[in-house]
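Visitor: The lines below spell out each chain.
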Amino acid sequence: MILETAIKNFRRHLAGRVLYLVALALLVMVSYDCLTTFQDSFISRISQGNPALVALLLLFFSLLGFSVLIIFYANRFFIHQHRSEIGLMIISGLSRGQIALIFFLETLFGELLALGFGLLLGLLTNKLFAMLLLRLMGLRAATNHWFSFSALWKTSLGFLIVFALVGIFDSSRIFSLRTVRLLYPNELGDIRQRNSWLNRLLAWLGPLLVIGGYVAVFKLSWIHFMETLRFSDRTATNTVLIMGALILGIWFCFRNTLPALFSWLQGTKWAYDQQRILDLATTGQEVQFHHQSLTLTTLFVTASVVLLGFASVLYSDGFRNLEEEAPIDLVADRQFHDHVLQQIKAKGGHLQRLAHLPVKIMPVTLHGPKSDVIMSQATMPIEIVGMHNYLQIQRHQKNLLPVILDRNQALFISQDFQYQHVHLHELMRNQVQFADGKLPRLQIVAFSRVYPLGSNLFFGNVLVVPDDIFEQIPSANSRVLVGYRLKKIAPDSPFLKKIDDDSYQSKASRQMRYRHPQQLQKAQITIYQDVKRDLSNAYISSNYSVRGPSQVLLQRVLGAIVFVIGLLAILMTFAWASVCSLRELSEVERTRFDYLTLTKIGIDQHHLLRYSNWKNRMLFLSPVIFGIGNGLLVMRFVGLYLNHLPMKLLYLLTAAVFIVYWCFYLFTSYNYRRIIKMTTPPDQQGR
Amino acid sequence: MRMVEVKQVSKSFGARNNLVRALNNISFTIDRGEFVGVMGPSGAGKTTLLNIMSTIDRPSVGRVYVAGQEITALPERDLATFRRENIGFIFQDFNLLPALSVSENLVMVLSMLKIPRDEVQKRLAYYSEHLNLNKLLTRYPNELSIGQKQRVAAARALMTQPKILFADEPTGSLDSKSATELLQYLATINLENETTIMMVTHDAFTASYCNRIVFIKDGAFYSEVVRAGSRQQFFNQIIDMQAAIGGGKISDFRNRD
Ligand SMILES: Nc1ncnc2c1ncn2[C@@H]1O[C@H](COP(=O)(O)OP(=O)(O)OP(=O)(O)O)[C@@H](O)[C@H]1O
Ligand SMILES: [Mg+2]
Numbered sequence: 001m002i003l004e005t006a007i008k009n010f011r012r013h014l015a016g017r018v019l020y021l022v023a024l025a026l027l028v029m030v031s032y033d034c035l036t037t038f039q040d041s042f043i044s045r046i047s048q049g050n051p052a053l054v055a056l057l058l059l060f061f062s063l064l065g066f067s068v069l070i071i072f073y074a075n076r077f078f079i080h081q082h083r084s085e086i087g088l089m090i091i092s093g094l095s096r097g098q099i100a101l102i103f104f105l106e107t108l109f110g111e112l113l114a115l116g117f118g119l120l121l122g123l124l125t126n127k128l129f130a131m132l133l134l135r136l137m138g139l140r141a142a143t144n145h146w147f148s149f150s151a152l153w154k155t156s157l158g159f160l161i162v163f164a165l166v167g168i169f170d171s172s173r174i175f176s177l178r179t180v181r182l183l184y185p186n187e188l189g190d191i192r193q194r195n196s197w198l199n200r201l202l203a204w205l206g207p208l209l210v211i212g213g214y215v216a217v218f219k220l221s222w223i224h225f226m227e228t229l230r231f232s233d234r235t236a237t238n239t240v241l242i243m244g245a246l247i248l249g250i251w252f253c254f255r256n257t258l259p260a261l262f263s264w265l266q267g268t269k270w271a272y273d274q275q276r277i278l279d280l281a282t283t284g285q286e287v288q289f290h291h292q293s294l295t296l297t298t299l300f301v302t303a304s305v306v307l308l309g310f311a312s313v314l315y316s317d318g319f320r321n322l323e324e325e326a327p328i329d330l331v332a333d334r335q336f337h338d339h340v341l342q343q344i345k346a347k348g349g350h351l352q353r354l355a356h357l358p359v360k361i362m363p364v365t366l367h368g369p370k371s372d373v374i375m376s377q378a379t380m381p382i383e384i385v386g387m388h389n390y391l392q393i394q395r396h397q398k399n400l401l402p403v404i405l406d407r408n409q410a411l412f413i414s415q416d417f418q419y420q421h422v423h424l425h426e427l428m429r430n431q432v433q434f435a436d437g438k439l440p441r442l443q444i445v446a447f448s449r450v451y452p453l454g455s456n457l458f459f460g461n462v463l464v465v466p467d468d469i470f471e472q473i474p475s476a477n478s479r480v481l482v483g484y485r486l487k488k489i490a491p492d493s494p495f496l497k498k499i500d501d502d503s504y505q506s507k508a509s510r511q512m513r514y515r516h517p518q519q520l521q522k523a524q525i526t527i528y529q530d531v532k533r534d535l536s537n538a539y540i541s542s543n544y545s546v547r548g549p550s551q552v553l554l555q556r557v558l559g560a561i562v563f564v565i566g567l568l569a570i571l572m573t574f575a576w577a578s579v580c581s582l583r584e585l586s587e588v589e590r591t592r593f594d595y596l597t598l599t600k601i602g603i604d605q606h607h608l609l610r611y612s613n614w615k616n617r618m619l620f621l622s623p624v625i626f627g628i629g630n631g632l633l634v635m636r637f638v639g640l641y642l643n644h645l646p647m648k649l650l651y652l653l654t655a656a657v658f659i660v661y662w663c664f665y666l667f668t669s670y671n672y673r674r675i676i677k678m679t680t681p682p683d684q685q686g687r
Numbered sequence: 001m002r003m004v005e006v007k008q009v010s011k012s013f014g015a016r017n018n019l020v021r022a023l024n025n026i027s028f029t030i031d032r033g034e035f036v037g038v039m040g041p042s043g044a045g046k047t048t049l050l051n052i053m054s055t056i057d058r059p060s061v062g063r064v065y066v067a068g069q070e071i072t073a074l075p076e077r078d079l080a081t082f083r084r085e086n087i088g089f090i091f092q093d094f095n096l097l098p099a100l101s102v103s104e105n106l107v108m109v110l111s112m113l114k115i116p117r118d119e120v121q122k123r124l125a126y127y128s129e130h131l132n133l134n135k136l137l138t139r140y141p142n143e144l145s146i147g148q149k150q151r152v153a154a155a156r157a158l159m160t161q162p163k164i165l166f167a168d169e170p171t172g173s174l175d176s177k178s179a180t181e182l183l184q185y186l187a188t189i190n191l192e193n194e195t196t197i198m199m200v201t202h203d204a205f206t207a208s209y210c211n212r213i214v215f216i217k218d219g220a221f222y223s224e225v226v227r228a229g230s231r232q233q234f235f236n237q238i239i240d241m242q243a244a245i246g247g248g249k250i251s252d253f254r255n256r257d
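Residue numbers (my numbering), protein chains in the order written: chain A, 1 to 687; chain B, 1 to 257.
Since the hints were made in silico from the structure, they are not lab data. Among these hints, one or two may not hold up.
Said to hold, decoys possible - One side of the interface only, derived from the structure: several residues of chain B facing chain A at Cβ under 7 Å:
no.	residue
1	57
2	61
3	80
4	83
5	84
6	100
7	108
8	109
9	111
10	112
11	115
12	116
To be verified - Each computed DMTMM-like pair below joins lysine to aspartate or glutamate, with the alpha-carbon atoms no more than 20 Å apart:
no.	chain 1	residue 1	chain 2	residue 2
13	A	488	A	468
14	A	600	B	93
15	B	163	B	143
16	A	498	A	530
17	A	615	A	604
18	B	135	B	181
19	A	8	B	104
20	A	507	A	338
21	B	7	B	224
22	A	8	B	143
23	B	114	B	78
24	B	122	B	31
25	B	7	B	104
26	A	600	B	143
27	A	360	A	279
28	A	360	A	467
29	B	114	A	4
30	A	677	B	34
31	A	677	B	93
32	B	163	B	194
33	B	163	B	85
34	A	600	B	175
35	A	347	A	501
36	B	122	B	104
Given the structure is predicted, the values throughout are model-derived calculations rather than measurements. In this text, a Cβ means the ideal position worked out from N, Cα and C, and glycines have one as well.
For reference, chain A alone in the conformation it holds in the complex:
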């Protein structure tokens, strides 16, 4: 009979829980996908040199942890929903153990269903999952490792442990429930608490903390911590402070401020003239009762938006940087040319010479708006290439900006410029004056982020100038870079990785010392190779570079991280929205009698349903909007810092988050209405 009751209970509530179970199934699905993909032989071979794939395991465990949270909350609402039934069972003489068992079985059916369904989905979607991941990592390979027995049982085991864990929580909660509270729920306790001085203090503290947190986001320096993740730093303290203030602030807002505000509203006269405001005011108790889950909703939405923001930054910014790298496989300058080429030939590599690029260097001054910001001092050293050579390389490196320069015109190439908060049209109004007074001033007419042959071969900013001017520039410290196409060696082979590593060692890299930058005539540039000196004001550039190892690695790391972060944010949104929906539905049992009474008083059902809709929308969506506001604010700040955050992409993703919650709200209010209509006694149902 216990089993039978559990099954019947389960069936009765299935309709309202179906989306929650789907969300759970999705969590299972992705967990399985993570494990199988991680175990895939092809991928694990790559992952030996690629720590980013560990992110998959991290994702797996965070999904398990997240499942504990959402199942825990879902069951909490289920118990809430079952309150009076549990009370009745207690008073009928069932032991707490039996009741806990009924409840556990009831939830277990759903969970097992979700587990089975999720694993099935996992088997089906695994290929897609792996394909997406590989695609983002820039790998073209097919994996066909969709069935893994060990992943299957590990996922099942993981989730069974989660189910059991939550089951234990639930049972202990059922054992501690007080019978009177179940049968005679009363709100008196809450009202009393609302008048204490502590409560009034917290009600003011909430918004203050939130506003303080916002101000701190912009005033304190914290973003540095996000990059380094080093806890010893002051920025770490700031980050913790900001997060703490925001979390506490949001919590107090829902726990104290809103209920206090609403109860005050209820007392004011003008609220009675505005139906909407009165409706709003009556939700105060519910807000207070659910302040925990409302707070969590806000936090999860914020986290989703921030995660999606970071994913989109990494995706568009990181991938753009990668694209800006030269597609030319090997570049060497004269000095290391023969040495590197020999090494590669000895390994069986085949080299095809593509183009060569003479590079000269000279101090310059910019004249024009914001020139001091762009130079960051009175003068700056600049590397110069000729237009003819530049265009030759452009034939092989299609992402180079194709420009034809007239007399006294120049193309400015820089990766720093984007971070300097200077508008492009301001840059274009600048002129370049060389240290060598005989040379004419050049007008900057174009800007690019893409360096010929790759940015890591250069010290900093590069100027492309017309050939006749290039001829006139003295060739002290100049060099010639030669680009090759490489065949018969895999770009991620350990051999090339070693060559790449060598290119960053001091012997291979050139160091530049730049002195007296205050005056253009006195400014001097010295270039060292393999000399250990005090080079505090120095720049370093490689003398040769192999495209492959570092780019490939970077792309894979980026790809894996974007994938994992994005997926986590999406799942979080979906799963938590389903829990919110359960929260609203768990209220139905309590409110349906109120509605019944109100219908008896003579308020028409249409009106009541409109009110219930409105209340649901308010409870459902206000923390979402709050969270989105939070997230966008934080990302806006990060965006200012990055200067070119793809806000459009983020807005799009945020809209998607909102739409998910909105859909869940529609589902909830549909079910809510269904249940309310169902509880109308038969003689009142208009048949």
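We have chain A; now place chain B with the ligands onto it with these hints.
Guide: Frame of chain A, contents of chain B with the ligands only:
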């Protein structure tokens, strides 16, 4: 034989500065086979008293004995057994598990008690016959009218053959015909099976089915009226007492008489 003994029970709610004394040192007894009504003005503490006597709540001070056991001293673990074996309960509203059909609601507790199948079936047949539920057995609670629900609730409470049945305004949401029917069933069961019944009610007409009424006011025992003559006489006595205690409704009189 004593069925219930309430000894100097007090119950207060809330914290220091807004303490509500719902029950104030109340004592009385109920003998086996009695049908006792509890009346009193709203807020007098009737529900609180019933909850304490039926193990739903615990008193702040005092002792309660039911069927010879001190229920105020029983740990929660033993209370479950005690409830199964001794008490039944009918609430005003919520009495049935919505997921189970009527017959399942009726047999649920018994089947968990490992009572033999044919015994369970025998009781099911008996009570559904008695309370006129035969046509409703396969329905679900949301397919019943309120009066039907209350009848099922009574059957559910009686299925375990409790020694004492508690009812908190069981006729509160019924129309007078259904109420009369239910009360007649309760009276019959009280007579035939010697089931002790304690019922809280506001309504003098409902109360007139009892054979003793305990009046409480402000959480304390006020007085009692024992039925001696006809139901009509008893009814008039109750009305008088309600008028004396204050809070009774004179309209009761006009409607019923
Ligand atoms: N959980 C509680 N917290 C605080 N006070 C309570 C609580 N339950 C009851 N009370 C108070 O105790 C007193 C007795 O309440 P009780 O419900 O027993 O009255 P009653 O006689 O059943 O009233 P009614 O006829 O209106 O149902 C009332 O003043 C009530 O406000
Ligand atoms: Mg009462």
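Visitor: Each hint needs a verdict: does it hold in this structure or not?
Guide: A quick look at each hint next to the structure:
For residue 57 of chain B, the interface hint holds, the least distance from its beta-carbon to any beta-carbon of chain A being 4 Å, beneath 7 Å. Checking residue 61 of chain B against chain A by beta carbon gives a least distance of about 17 Å; that is not within 7 Å, so the hint is violated. Against a cut-off of 7 Å between C-beta atoms, the interface hint on residue 80 of chain B holds, since the closest Cβ of chain A lies about 4 Å away. For the restraint placing residue 83 of chain B at the interface with chain A, the shortest Cβ-Cβ distance is roughly 4 Å, inside the 7 Å limit, so the hint holds.
A least Cβ separation of about 3 Å between residue 84 of chain B and chain A falls short of the 7 Å threshold, and the interface hint therefore holds. For residue 100 of chain B, the interface hint holds, the least distance from its beta-carbon to any beta-carbon of chain A being 6 Å, beneath 7 Å. Taking 7 Å as the C-beta contact cut-off toward chain A, the hint placing residue 108 of chain B at the interface holds, the least distance being around 6 Å. The beta carbon of residue 109 of chain B is positioned within 7 Å of a beta carbon in chain A (closest approach about 5 Å), and the interface hint is therefore held.
Hint status for residue 111 of chain B relative to chain A: holds, with the closest Cβ pair at about 4 Å, below 7 Å. Using the Cβ-Cβ criterion of 7 Å, the hint placing residue 112 of chain B at the interface with chain A is satisfied: the shortest such distance is roughly 6 Å. Because the closest C-beta pair between residue 115 of chain B and chain A is about 11 Å apart, greater than 7 Å, the hint is violated. A least Cβ separation of about 14 Å between residue 116 of chain B and chain A goes past the 7 Å threshold, and the interface hint is therefore violated.
Restraint check for residue 488 of chain A and residue 468 of chain A: not satisfied, since their Cα atoms lie roughly 40 Å apart, outside the 20 Å limit. Among the hinted pairs, residue 600 of chain A with residue 93 of chain B is consistent with the structure: their alpha-carbon atoms are about 15 Å apart, no more than 20 Å. Annotation: proposed proximity of residue 163 of chain B to residue 143 of chain B is violated, straight-line Cα distance about 31 Å (limit 20 Å). For a cut-off of 20 Å, the pair hint linking residue 498 of chain A to residue 530 of chain A stands: about 19 Å separates their Cα positions.
Restraint check for residue 615 of chain A and residue 604 of chain A: the C-alpha separation of about 17 Å stays at or below 20 Å, so the hint holds. A threshold of 20 Å between alpha carbons decides the hint, and for residue 135 of chain B with residue 181 of chain B the separation of about 17 Å falls inside it, so the pair holds. Between residue 8 of chain A and residue 104 of chain B, the direct Cα distance comes to roughly 11 Å. Compliance with the 20 Å bound is thereby established for this hinted pair. A C-alpha spacing of about 15 Å is found between residue 507 of chain A and residue 338 of chain A, which places the hinted pair at or below 20 Å, so the restraint holds.
A distance of roughly 17 Å separates the Cα atoms of residue 7 of chain B and residue 224 of chain B; the hinted pair therefore holds under the 20 Å criterion. This hinted pair checks out: residue 8 of chain A and residue 143 of chain B have alpha carbons roughly 16 Å apart, not beyond 20 Å. For the hint pairing residue 114 of chain B with residue 78 of chain B, the CA-to-CA distance comes to about 17 Å; that is within 20 Å, so the pair holds. Of the pairs offered as hints, the one joining residue 122 of chain B and residue 31 of chain B is violated, with about 29 Å between alpha carbons and a cut-off of 20 Å exceeded.
Note on residue 7 of chain B and residue 104 of chain B: the hinted pairing is violated, with a Cα-Cα distance of about 38 Å set against a maximum of 20 Å. About 19 Å separates the Cα atoms of residue 600 of chain A and residue 143 of chain B, which keeps this hinted pair within 20 Å; it holds. Between the alpha carbons of residue 360 of chain A and residue 279 of chain A the distance comes to roughly 74 Å, so the proposed pair goes past 20 Å and is violated. A distance of roughly 12 Å separates the Cα atoms of residue 360 of chain A and residue 467 of chain A; the hinted pair therefore holds under the 20 Å criterion.
Between residue 114 of chain B and residue 4 of chain A the alpha-carbon distance is near 15 Å, which keeps this suggested pair within the 20 Å criterion. A C-alpha spacing of about 42 Å is found between residue 677 of chain A and residue 34 of chain B, which places the hinted pair above 20 Å, so the restraint is violated. Between residue 677 of chain A and residue 93 of chain B, the direct Cα distance comes to roughly 18 Å. Compliance with the 20 Å bound is thereby established for this hinted pair. Between the alpha carbons of residue 163 of chain B and residue 194 of chain B the distance comes to roughly 8 Å, so the proposed pair stays at or under 20 Å and holds.
For the suggested pair residue 163 of chain B and residue 85 of chain B, the alpha carbons sit about 8 Å apart, so the restraint of at most 20 Å is met. Distance check on the hinted pair: residue 600 of chain A and residue 175 of chain B sit about 14 Å apart at the alpha-carbon level, within 20 Å; holds. A threshold of 20 Å between alpha carbons decides the hint, and for residue 347 of chain A with residue 501 of chain A the separation of about 17 Å falls inside it, so the pair holds. Distance check on the hinted pair: residue 122 of chain B and residue 104 of chain B sit about 14 Å apart at the alpha-carbon level, within 20 Å; holds.
The structure shown violates the earlier hints numbered 2, 11, 12, 13, 15, 24, 25, 27 and 30.
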